[in-house]
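Participant: Produce the complete structure using the sequences and hints provided.
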Amino acid sequence: MSQVHIHPSAIVDEGAQIGEGTRVWHWVHICGGAKIGKDCSFGQNVFVGNDVLIGDNVKVQNNVSIYDAVTLEDDVFCGPSMVFTNVNNPRSHVNRKNEYRRTVVKKGASIGANATIVCGHTVGEYAFIGAGAVVTRDVPAYALMVGAPAKRIGWMCGCGERLSNDIGTHTCPACGIHYEVGGNHCTPIRHD
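According to full-length UniProt numbering, the sequence shown holds residues 1 to 192 in order.
Wrong hints could be hidden among the right ones.
[Stated by the list, open to error] Beta-carbon label-pair distances, calculated as ranges: (1) I167 <-> R91: 39 to 47 angstroms; (2) K97 <-> G132: 42 to 50 angstroms; (3) R190 <-> I167: 17 to 25 angstroms; (4) A131 <-> C159: 13 to 21 angstroms; (5) D138 <-> D166: 20 to 28 angstroms.
Since the hints were made in silico from the structure, they are not lab data. Ideal Cβ placement from N, Cα and C applies to all residues, glycine included.
Facilitator: Here it is in structure tokens:
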């Protein structure tokens with residue numbers, strides 16, 4: 001069995017659940033209520049709050065804070081210095097901990113460097129959030145989102161290659177998976 005690797009400079013509070021094979025690097029702080037799956041990686045200077053659920057094989061790059069009320073499903077990628085929020089209208093002098101809005105990042109989604117995910121939204125399966133994008137609404141599965149506020153400019157295959165934006169059936173040139181693309185959806189076609 002693969003052990004959890006925790007760098008000596010990291011702080012893992014008592015009670016945190018961390019799956020086997022997970023790597024916790026320099027100056028990471030994981031709070032005691034966090035639940036983390038197996039084979040994850042947390043780069044330098046990452047913070048993981050108490051009310052956080054993280055699946056298996058999640059990669060969190062340097063300088064990312066995963067605050068309370070965030071869920072990352074399996075195979076999510078968080079690029080360097082990307083940001084999660086958990087309060088929609090913060091004020092230093094007003095305690096709004098009872099107003100946290102849940103954010104869910106679905107299986108296989110990728111969030112680029114310096115992107116911001118405003119709280120209370122869901123990022124769909126295998127969506128791709130471009131570097132620096134600001135997500136202010138729910139993101140469809142397989143969507144390619146860029147800009148501030150983020151807008152969908154296309155679709156991405158589960159393998160990470162860009163698909164045609166035209167309505168109809170398309171095949172990923174890299175992996176050969178077929179997709180049905182509609183006005184605001186992209187769905188893999190299952191062949192059984």
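Participant: Is the distance from the Cβ of D138 to the Cβ of D166 consistent with 20 to 28 angstroms?
Facilitator: Holds: the Cβ-Cβ distance is about 23 angstroms, inside 20 to 28 angstroms.
Participant: Quick check on a hinted range of 39 to 47 angstroms for I167 and R91, using CB atoms only.
Facilitator: 45 angstroms, holds
Participant: So does K97 sit 42 to 50 angstroms from G132, Cβ to Cβ?
Facilitator: Once the Cβ atoms are compared, 29 angstroms apart, the range 42 to 50 angstroms for G132 and K97 is violated.
Participant: Look at the Cβ atoms of A131 and C159 and judge whether their distance stays inside 13 to 21 angstroms.
Facilitator: At 19 angstroms between Cβs, range holds.
Participant: Holds or violated: 17 to 25 angstroms for the Cβ distance of R190 and I167?
Facilitator: 20 angstroms, holds
Comparing the model with each numbered hint stated earlier shows that hint 2 is the single one that does not hold.
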